[in-house]
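In order, the protein sequence lines correspond to chains A and B. Going by my numbering, the first sequence opens with residue 31, and the numbers climb by one from there. Going by my numbering, the second sequence opens with residue 4, and the numbers climb by one from there.
Keep in mind that the hints were calculated from the coordinates and are not lab data. The structure displayed is predicted, hence computed values, not measured ones. Do not take every clue at face value.
Claimed, not checked - Anything over 12 Å on all C-beta distances counts as not near chain B; from chain A, calculated:
| id | residue |
| --- | --- |
| 1 | 41 |
| 2 | 43 |
| 3 | 86 |
Stated by the list, open to error - Partial list, derived from the structure: chain B residues whose beta carbon lies under 10 Å from chain A:
| id | residue |
| --- | --- |
| 4 | 29 |
| 5 | 33 |
| 6 | 41 |
| 7 | 49 |
| 8 | 95 |
| 9 | 107 |
What the hints assert, rightly or not - Distance ranges between label pairs, derived from CB positions:
| id | chain 1 | residue 1 | chain 2 | residue 2 | range |
| --- | --- | --- | --- | --- | --- |
| 10 | A | 74 | B | 28 | 14 to 24 Å |
| 11 | A | 47 | B | 20 | 45 to 55 Å |
| 12 | B | 48 | A | 50 | 18 to 28 Å |
| 13 | A | 70 | B | 48 | 17 to 27 Å |
| 14 | B | 95 | A | 74 | 16 to 26 Å |
| 15 | B | 55 | A | 58 | 21 to 31 Å |
| 16 | A | 141 | B | 69 | 44 to 54 Å |
| 17 | B | 22 | A | 38 | 31 to 41 Å |
| 18 | A | 107 | B | 18 | 44 to 54 Å |
| 19 | B | 99 | A | 35 | 17 to 27 Å |
| 20 | A | 68 | B | 14 | 21 to 31 Å |
| 21 | B | 68 | A | 50 | 44 to 54 Å |
Cβ atoms here follow ideal geometry from the backbone N, Cα and C, with glycine treated the same way.
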Amino acid sequence: DVKVTQSSRYLVKRTGEKVFLECVQDMDHENMFWYRQDPGLGLRLIYFSYDVKMKEKGDIPEGYSVSREKKERFSLILESASTNQTSMYLCASSTTSPGSEAFFGQGTRLTVV
Amino acid sequence: DAKTTQPPSMDCAEGRAANLPCNHSTISGNEYVYWYRQIHSQGPQYIIHGLKNNETNEMASLIITEDRKSSTLILPHATLRDTAVYYCIVRVAYYGGSQGNLIFGKGTKLSVKP
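Whole structure, please, built from the sequences with the hints as guidance.
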């Protein structure tokens, strides 16, 4: 089975801290995604990566950066965490075949205090 | 913005078929229709996808209209465990590179009631 693993299920950080959210997939997928999910807003794409070192901004990239140095790992970085970044963060991966599906991790619930 | 329109919520009686509609009137000829669901506090789960023809798997059936402007996800015998938010997504036939974005809308909250 495809496995997408996010490093933490729950995380509490202080305002201004630099925060790293890590995601690892074990199926050699080319594509990886970071989303955030907030009540009433659904899933919103933050960043998408289609290859090592390649990235595309999603709908809400402000305040975030990403790193993909290895194919299996996609990191989301909050350079200076703020309370409005309190959210559920979801990582996903997929292949490049035309009808490919995406596989999601279980999510990281980040609270910034 | 999402390319699909779904009702925000629906109810279904346990054991009955749940029919979830999705409008994608601007769909292009090379775009697939995907359905995912998200049970509370879990990551989204893939259900089914299709291009032109109707599709069926062990979880659900997908009916796509002939003009491809709308589709319906059918859960043939809904159970309480099918209570979730269901997302309909359109995505271009993808062969790699920067076109692989997967954009979710707000979905339909399906409540299956005993």
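Please name the hints from earlier in the document that this structure breaks, with their numbers sorted from lowest to highest.
-> 3 and 4
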